[in-house]
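Trainee: The chain contents come next:
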Amino acid sequence: MSDPGAALELNGIRKAFGPVTALDGARLTVRAGELHALLGENGAGKSTLVAIAAGLLRADAGEVRRDGALLPAADARAARRAGIALLPQHDLLVEAATVADNLALLDPAAPPFESAGARRARVARLEERLGLELGPPGARVGELPVGVRQRIAVAGILQADPGVLVLDEPTAVLSPRETSALFRSLRARVATGRAVLLITHRLAEVFEGADRLTLLSRGRTLLEAEVSSTTPEAVGALLLGGAEVSSRSGALRPDPPDGERVPALAVDELLPAGATGPPASLAVPAGAALTLLAVDGNGADLVGSAIAGVRPARGRIRLSGRPVPPGDPRAFRAAGGAFIPADRRAEGLVPGLSLAENLFLRRPPGRFVIDRAALAAAADDRLRRFGVRARGPWAKAGELSGGNQQKLLLARELEPLPRLLVAVHPTRGLDLASSSDVRARLLDAARAGAGVLVVTADPEEALELGAPIRVVYRGALSPPLAATTPLAELGRRMAGLAP
Amino acid sequence: MRPAAVAAVAAGTLAAAALLVLAAGASPADAFVALLRGALGSSAALGETLARSTGLVLTALGAVVAFRAGVLNIGLEGQFLAGAAAAAAAGPLFPDAPLAARAAVLLAAPLAGALQAAPAAWLAERRQVPAVLSTILLNLVAAAGVTWLVRGPLRDPSGDYPQSRALAEAALLPPLAAGSRATAAVLLALLLAAAAAFVLARTPIGLALRAVGEAPRAARAAGLPDVRLRVGAFLSSGALAGLAGGLEVLALTGRLYDPFTAGVGYTGIAAALLGGMSTIGGAASALLFAALGAGSSALQRDAGVPSSLASIVPALAVLALLLARGERRER
Ligand SMILES: Nc1ncnc2c1ncn2[C@@H]1O[C@H](COP(=O)(O)OP(=O)(O)OP(=O)(O)O)[C@@H](O)[C@H]1O
Ligand SMILES: [Mg+2]
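Those protein sequence lines, which keep their order, are chains A and B.
Letter 62 of the first sequence, counting from 1, is numbered 62 in the working numbering, and no numbers are missing.
Letter 83 of the second sequence, counting from 1, is numbered 83 in the working numbering, and no numbers are missing.
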């Protein structure tokens, strides 16, 4: 039953968290010299499975083998010694430390004492080797956009030379160019006989760069296949299972109905703290959407969080004509603003509170005393409609899988209908069905009269939204581009090249 | 924490305490019986436990309320002293009106506690000074303030010792039962613990407070008034400790002297920690510590064990607890 070529093999893995069965006899075989993709809907058990492989979690049943030899259960050191390295979905970096220090920490070959100059040189070396921009070496990681953090984490983990490298959604906020750079270095790695296991929701990546794939659904292995022997359509159909892709999208009105209407958002000469580029000016009409497209680190996300008041800024912001002082999230909310931050775990959710409490943080039902029955009922309804997979409204937000946390956040911010929604990387980590559903919901919100500002690093997402696109490069906004602009042109603009 | 871990903590603490008693040349069984009898064995013993628990319950509560909002208030000791000083200043103003004296104490003490916390709250929000630092320093200020007050402005001119004038005998809280030191103060403390538990768990403001404490950036981004909530919790925490100080004067001492406390503010923090930073857990731990304190006097008298041993036990319990937690994080 053991596969002779297997570098990593998991068999019959079961894992339950209380009443939730996360894995139900899942199997996974990664061979030496292959790039293996692990696919599955949100909450399928992917992160749990790789955490078990890396010895971070104890399985209730099942075995983990490395090159055929049984690994001791829940022993992270043994797994590391056996050459299994994991880049987790969240939380690899030390936020209070600088880029240079984080990369030094993740470098197994780093000498115990190292000059600041040598650490900076490492950053430059990695940027050069991987073709990824890693941000200023002296910047604290916690202050950098999530996309840059993701690049740093990827670069950091690639320094080690493990026999089996496991990456949990490393491309969720990377732009296509960065993703191809990452895949180039992963291909070079597997060419030398080592194995790479990569979790992703993007089928295109899988079919361009992976050798084999495993598809997980509800804790079980549905499919193990050579990539060349199957098609994106077949895998997509399996992934969607019964779920139907929402077909609600219809064109947005190309123009606001009435040119005289007060825009939902008008931003004038906005300069977010920490931004390097020129001040930004933009407007979003009520009942319409605008997409800011950029590689993370170019300031688009800063504009988003500055508008939401989360980041201090200079400049003028008006919501439906009403001035909102920068740096004041309460004023932004009071003016009818809603915000989906890029960093859902630090700026979005309160992990230790229940789903119900997270959904109704500001106004739980009940005046002086929370009406728990009403809260549970309202939360239950909301969770169902937004497809959050959880054991109930009183589960803790921190227990949810990454994609389900994102859905929870969307469920809070999209209802009641805001006047303006600022959504940064709104489909980060969402599976196929949910991503298209969320895009449809964003457009629904616009159709219902809200202004919607989306920040994304994914040009295909920008095109799919169908709203005018402004590419941000080094803080400067391009003129609005039609949603029919060729993908290649968007890519060139994102890289700062002539269109 | 799992029940098994709780049991392990309790067993470890008991075993270590037994070893210490053995080292002191006494029998652990005798010591245990003496301790129990001293804490709960008679109405007087029970009264002693309850009287001691008032200050501990309220300071533990203060620690919990602040902590749940993300504020590390180590200044409960100083806020307790501020409350006691305010009580000693305000109470004697009404020598012939006991009810007015009581009302003055119950108003002035929490207010003084909140005022004592205010500079730390301001420094934390406006100047990013960690509350741990500022409150520890303010404790020193409060202790020095008490020294000065009892020798200066509040000094009782008729006494030989540096101490404040006494409240009228009629103003002091009467015992709940004859021969007991327990008064209505302990009932007030327990009532406040129940109220705080309810507010934290069941009201919108409690929910907002917990959100701000656990994920300050997320709470702020969601539009919660984070600064107001943190400052409010900080001042309430100070008010609870201040009330504890005021009740100490009103129920037990009748006046202020120097030194006035043997670290009730710090012990309250230990109780809160042992109680897992929950209101009910903190109050229960405070009662436990009070029983240990009351029992320790009997320990000396009946079992010949140095009473200071008993004050080691709470410290042991907290250490064992932290050990148990550390072990859990390792896996
Ligand atoms: N610590 C935990 N406590 C309780 N439930 C958990 C915990 N961790 C995971 N789960 C549950 O286990 C299931 C699988 O979660 P997992 O994180 O493995 O999903 P995933 O496939 O990685 O999803 P995603 O694509 O959203 O990241 C989910 O239902 C999740 O709620
Ligand atoms: Mg996951």
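What the hints contain is simulated information worked out from the structure, not anything from laboratory work.
Don't take each hint at face value.
To be verified - Derived Cβ-Cβ restraints for the label pairs, each shown as a range:
| id | chain 1 | residue 1 | chain 2 | residue 2 | range |
| --- | --- | --- | --- | --- | --- |
| 1 | A | P136 | B | L72 | 48 to 56 Å |
| 2 | B | P130 | A | E269 | 46 to 54 Å |
| 3 | A | R314 | B | R126 | 16 to 24 Å |
What the hints assert, rightly or not - Computed footprint of chain A on chain B, listed as stretches where at least three residues anywhere in the stretch have a Cβ under 8 Å from a Cβ of chain A:
| id | segment |
| --- | --- |
| 4 | 109-116 |
| 5 | 165-175 |
| 6 | 208-219 |
Stated by the list, open to error - Selected chain A positions facing chain B (Cβ under 7 Å, derived; list incomplete):
| id | residue |
| --- | --- |
| 7 | R333 |
| 8 | G336 |
| 9 | V350 |
Every residue, glycine too, gets a C-beta built ideally from N, C-alpha and C.
Trainee: For every hint, state whether the structure bears it out.
Mentor: Each hint, compared with the structure:
1. P136(A) - L72(B): 48 to 56 Å: About 32 Å separates the Cβ atoms of P136(A) and L72(B), which means 48 to 56 Å is violated.
2. P130(B) - E269(A): 46 to 54 Å: 36 Å, violated
3. R314(A) - R126(B): 16 to 24 Å: 21 Å, holds
4. 109-116: Check failed, 0 qualifying residues.
5. 165-175: Contact hint for the segment 165-175 of chain B vs chain A: violated, 0 residues under 8 Å.
6. 208-219: holds (count 8)
7. R333: 3 Å, holds
8. G336: Constraint on G336(A) not satisfied, violated at 11 Å.
9. V350: 4 Å, holds
When the structure is compared with the earlier hints, violations turn up for hints 1, 2, 4, 5 and 8 and for no others.
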